[in-house]
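Number of protein chains: 2
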Amino acid sequence: MTEWTGRTTSWVRPPIAIVTALAAQMRSEGADLIDLGQAILGLPPPRAAMDGVRAFLDEPGPHPYSPDPGLPELRDAIAQMLRSHKHIAHATDGGVMVTCGANQAFANALLTVTQPGDEIITFDPGYFDHGYTIRMAGCTEVPVPLAIEGNRYAFDLDAVVAAMTNKTRAVVLVSPGNPTGAVAPRAFVEQLCDVCRTRGVWLLSDETYDFLTFDPAVHTSPAAVADDDRIVVIGTFSKIFGMAGWRIGYFHGSARLMEEAFKVQDALVVCAPVASQRAVLSALSEMDAYLLETRAELRARRDALLDSLDGWSAARPTIPAGATFLLARLTDNVDDVAFCQRILRDTGVVTVPGSAFGKQGRGTVRLSFGNQPVERIREAGARLQGR
Amino acid sequence: MTEWTGRTTSWVRPPIAIVTALAAQMRSEGADLIDLGQAILGLPPPRAAMDGVRAFLDEPGPHPYSPDPGLPELRDAIAQMLRSHKHIAHATDGGVMVTCGANQAFANALLTVTQPGDEIITFDPGYFDHGYTIRMAGCTEVPVPLAIEGNRYAFDLDAVVAAMTNKTRAVVLVSPGNPTGAVAPRAFVEQLCDVCRTRGVWLLSDETYDFLTFDPAVHTSPAAVADDDRIVVIGTFSKIFGMAGWRIGYFHGSARLMEEAFKVQDALVVCAPVASQRAVLSALSEMDAYLLETRAELRARRDALLDSLDGWSAARPTIPAGATFLLARLTDNVDDVAFCQRILRDTGVVTVPGSAFGKQGRGTVRLSFGNQPVERIREAGARLQGR
Numbered sequence: 001m002t003e004w005t006g007r008t009t010s011w012v013r014p015p016i017a018i019v020t021a022l023a024a025q026m027r028s029e030g031a032d033l034i035d036l037g038q039a040i041l042g043l044p045p046p047r048a049a050m051d052g053v054r055a056f057l058d059e060p061g062p063h064p065y066s067p068d069p070g071l072p073e074l075r076d077a078i079a080q081m082l083r084s085h086k087h088i089a090h091a092t093d094g095g096v097m098v099t100c101g102a103n104q105a106f107a108n109a110l111l112t113v114t115q116p117g118d119e120i121i122t123f124d125p126g127y128f129d130h131g132y133t134i135r136m137a138g139c140t141e142v143p144v145p146l147a148i149e150g151n152r153y154a155f156d157l158d159a160v161v162a163a164m165t166n167k168t169r170a171v172v173l174v175s176p177g178n179p180t181g182a183v184a185p186r187a188f189v190e191q192l193c194d195v196c197r198t199r200g201v202w203l204l205s206d207e208t209y210d211f212l213t214f215d216p217a218v219h220t221s222p223a224a225v226a227d228d229d230r231i232v233v234i235g236t237f238s239k240i241f242g243m244a245g246w247r248i249g250y251f252h253g254s255a256r257l258m259e260e261a262f263k264v265q266d267a268l269v270v271c272a273p274v275a276s277q278r279a280v281l282s283a284l285s286e287m288d289a290y291l292l293e294t295r296a297e298l299r300a301r302r303d304a305l306l307d308s309l310d311g312w313s314a315a316r317p318t319i320p321a322g323a324t325f326l327l328a329r330l331t332d333n334v335d336d337v338a339f340c341q342r343i344l345r346d347t348g349v350v351t352v353p354g355s356a357f358g359k360q361g362r363g364t365v366r367l368s369f370g371n372q373p374v375e376r377i378r379e380a381g382a383r384l385q386g387r
Numbered sequence: 001m002t003e004w005t006g007r008t009t010s011w012v013r014p015p016i017a018i019v020t021a022l023a024a025q026m027r028s029e030g031a032d033l034i035d036l037g038q039a040i041l042g043l044p045p046p047r048a049a050m051d052g053v054r055a056f057l058d059e060p061g062p063h064p065y066s067p068d069p070g071l072p073e074l075r076d077a078i079a080q081m082l083r084s085h086k087h088i089a090h091a092t093d094g095g096v097m098v099t100c101g102a103n104q105a106f107a108n109a110l111l112t113v114t115q116p117g118d119e120i121i122t123f124d125p126g127y128f129d130h131g132y133t134i135r136m137a138g139c140t141e142v143p144v145p146l147a148i149e150g151n152r153y154a155f156d157l158d159a160v161v162a163a164m165t166n167k168t169r170a171v172v173l174v175s176p177g178n179p180t181g182a183v184a185p186r187a188f189v190e191q192l193c194d195v196c197r198t199r200g201v202w203l204l205s206d207e208t209y210d211f212l213t214f215d216p217a218v219h220t221s222p223a224a225v226a227d228d229d230r231i232v233v234i235g236t237f238s239k240i241f242g243m244a245g246w247r248i249g250y251f252h253g254s255a256r257l258m259e260e261a262f263k264v265q266d267a268l269v270v271c272a273p274v275a276s277q278r279a280v281l282s283a284l285s286e287m288d289a290y291l292l293e294t295r296a297e298l299r300a301r302r303d304a305l306l307d308s309l310d311g312w313s314a315a316r317p318t319i320p321a322g323a324t325f326l327l328a329r330l331t332d333n334v335d336d337v338a339f340c341q342r343i344l345r346d347t348g349v350v351t352v353p354g355s356a357f358g359k360q361g362r363g364t365v366r367l368s369f370g371n372q373p374v375e376r377i378r379e380a381g382a383r384l385q386g387r
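If you read the protein sequences in the order shown, they are chains A and B.
Sequential numbering of the first sequence, starting at 1, is according to the numbering used here.
Sequential numbering of the second sequence, starting at 1, is according to the numbering used here.
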């Protein structure tokens, strides 16, 4: 290979691999690690999901593609859920595109509404994969810092407005946020919708952790406060149903968006996997009961982590209003990658360096509580505090 | 919506929807249609595939992502298959990226090796989704006409060389070809590899229909004749295993390619669906027996179609050496979209207008034989000939 020809060399891979490699090495040497790294929900999916797949397997005949936008019954069920659970009154099955997870939904929506050269506003610290996708589309990411109010991260409308130029094509809102767990309050969402509508800017709302909020926080979808053609709702069943491995997400938008996005969908994946679509269709019938249990367990895990980190001298946890992790701010001026390596080596607790999530993530560390039972989380806290 | 902002408006959707809509209307009115439209294999997947999924469903615990490049066992099994069945001696598990179908494999590989502004050579008539993806990546498609030799389509090396400029970044070879079923002979593949290596051009080889060839035709992968860093092999289990709905494909390339493509993979889909990966892993154990039966059945279907179209005055079938369809060339100078509509209305046979596949497809019609049993194919031929 003489010279590399592609667009990806400038995409710096987040410094997670360094920690992951060390963890793998320690594990192979028999270390008892506690993984607070991966942001997954470590609970089995709803039983109905698996039953739905079993029923599908028992049906005779060939296994063709579904229609590109998804199985009609699933699009309908998702539209119903958008109306009943996310309060998006204008949601319709025709506005739903079923995708291979939220990342593919974001990629499809972004590629559909942008031209190369557009500027895309994101929040920092934020979800690094969106930065990749923005570059992939030939666009420029314009990260806007989150504010810090007391021990919580918060969205800052003035910063968004200040970052807007005549090249701004979209604002990407991730709420609850990754890695902060910050949940955009309804008033902020309303103001952001106003700003975007006034400026003719798309609002791509990634709602991956929508139902994983901690009372009194409530997730508000932009589409629930404004019926605007340029609002796109992106969701997934990876986190709320513990079904990351099944790769089913979706996005919802206008009829015109669907018409254009169809082309991108066909080129990228044709359709989402059919067995996975059937799994989600069945799971939606058990949604309320499953979420009730999941949220209670998740809250217990969050509280256990916050409780066990109380008084930690190395870092001060911020309080997440949603999602499955929290960001802790290092008290000393140390490199967060080195810090994560050190605590992994010293205590066996796997974390993610905050600089993986942008400039504003430097000097922080992300601890995930979604993937470990309460007792392991307590032990992680104890280990980190040297108890 | 005041004005549309995105990149897709100039992507003309192939005129398939016109025929599909008419077919749906006729079906709703009770018409007995014979669908020679969709290019799928209308046979159930290997039994082992479904058993693999059942075993997966019975395993306890959460359902997280697989590693981005795929389950290690599946990557290993695919690498073995590349060595044993596709004669790619240098294939390794580390060179395999498992994807959500061949389209996502192509999108990933193309996005990884190109920059916006690059020129990509394709063959015409050819697979329209690749054209979409090339535009999505900000590149320019340079279609090169296939030659016609007697009653077969053929690849023309001189035309490829003539189309190359200093902006050419890749040649996309689809063999067996869609919609022609043309299979690139070994000598052509060797020469194409030489040309690409000499010019420093990537060779993206889409081998979707690799094992679906008709004796004496044999598929030759470029990676089987040259161990070159700029050859990327793209494959899928959608067609050879009748598993389109499961969405599992792959691509194989150099370690450097994998390193860069990892970023695109994470941003696009994170990983392929795990249950689908397990299905394919199990299916690979039955590959030889399944393919033996499938190829025999497919050949019978092809021969039935060719036989039943013998003497058709409206169009002259070309003979496919592989894949699941053939292209027939209209004898009169009529519009192929209008032709497909007319035969659908008059005979109830669903076909695809050749202009969907590029300029060189004009005045042709694609008839798929993979999705109908022999007796229905014979009936389709009889209807088309007005018998």
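A portion of the hints provided could be inaccurate.
For chains that are exact copies, the list does not tell them apart, and a pair is met inside one copy or across any two.
To be verified - Computed cross-link-like contacts, SDA-like style, restricted to lysine to any residue with a CA-CA straight-line distance of at most 20 Å: (1) Lys359 - Leu330; (2) Lys167 - Gly138; (3) Lys86 - Gln191; (4) Lys167 - Pro116; (5) Lys167 - Leu157; (6) Lys167 - Glu3; (7) Lys167 - Val337; (8) Lys167 - Thr5; (9) Lys167 - Trp4; (10) Lys86 - Arg186; (11) Lys359 - Ala163; (12) Lys86 - Leu306; (13) Lys86 - Ile343; (14) Lys86 - Ala187; (15) Lys167 - Val218; (16) Lys167 - Arg387; (17) Lys359 - Asn333.
In case anyone wonders, no lab produced these hints; they're calculated from the structure.
Results for each hint:
In the homo-oligomer, the alpha carbons of Lys359 and Leu330 lie at most 20 Å apart inside one protomer (15 Å), although the nearest pairing across protomers, at 61 Å, exceeds that limit. For a Cα distance limit of 20 Å, the shortest separation of Lys167 from Gly138 qualifies both inside one copy, at 13 Å, and across copies, at 18 Å. Taking the shortest Cα distances, Lys86 and Gln191 sit within 20 Å of each other inside one copy (18 Å), while across copies they are farther apart (58 Å). Proximity of Lys167 to Pro116 under the C-alpha cut-off of 20 Å is found in both arrangements, the shortest distances being 11 Å within a copy and 19 Å between copies.
Proximity of Lys167 and Leu157 under a CA criterion of 20 Å is satisfied intra-copy only: 18 Å inside one chain copy versus 43 Å between copies. For a Cα distance limit of 20 Å, the shortest separation of Lys167 from Glu3 across copies, 15 Å, qualifies, whereas the shortest one inside one copy, 32 Å, does not. Taking identical chains as interchangeable, the C-alpha atoms of Lys167 and Val337 are never at most 20 Å apart, the minima being 34 Å within one chain and 40 Å between chains. With identical chains, the CA atoms of Lys167 and Thr5 are at most 20 Å apart between copies only, with a shortest distance of 11 Å across copies and 27 Å within one.
Taking CA atoms no more than 20 Å apart as the test, Lys167 paired with Trp4 passes between copies only; the shortest distance there is 15 Å, against 30 Å inside one copy. In the homo-oligomer, the alpha carbons of Lys86 and Arg186 lie at most 20 Å apart inside one protomer (13 Å), although the nearest pairing across protomers, at 57 Å, exceeds that limit. Only within a single protomer do Lys359 and Ala163 lie at most 20 Å apart by alpha-carbon distance; the minimum there is 16 Å, versus 45 Å between protomers. Taking the shortest Cα distances, Lys86 and Leu306 never come within 20 Å of each other, neither inside one copy (28 Å) nor across copies (55 Å).
Neither within a single protomer nor between protomers do Lys86 and Ile343 lie at most 20 Å apart by alpha-carbon distance, with minima of 40 Å and 47 Å respectively. Proximity of Lys86 to Ala187 under the C-alpha cut-off of 20 Å is restricted to the intra-copy arrangement: shortest distance 16 Å within a copy versus 59 Å between copies. Neither within a single protomer nor between protomers do Lys167 and Val218 lie at most 20 Å apart by alpha-carbon distance, with minima of 32 Å and 52 Å respectively. For a Cα distance limit of 20 Å, the shortest separation of Lys167 from Arg387 qualifies neither inside one copy, at 53 Å, nor across copies, at 62 Å.
Taking CA atoms no more than 20 Å apart as the test, Lys359 paired with Asn333 passes inside one copy only; the shortest distance there is 15 Å, against 63 Å between copies.
Checked against the numbered hints above, the structure violates hints 7, 12, 13, 15, 16; every other hint is satisfied.
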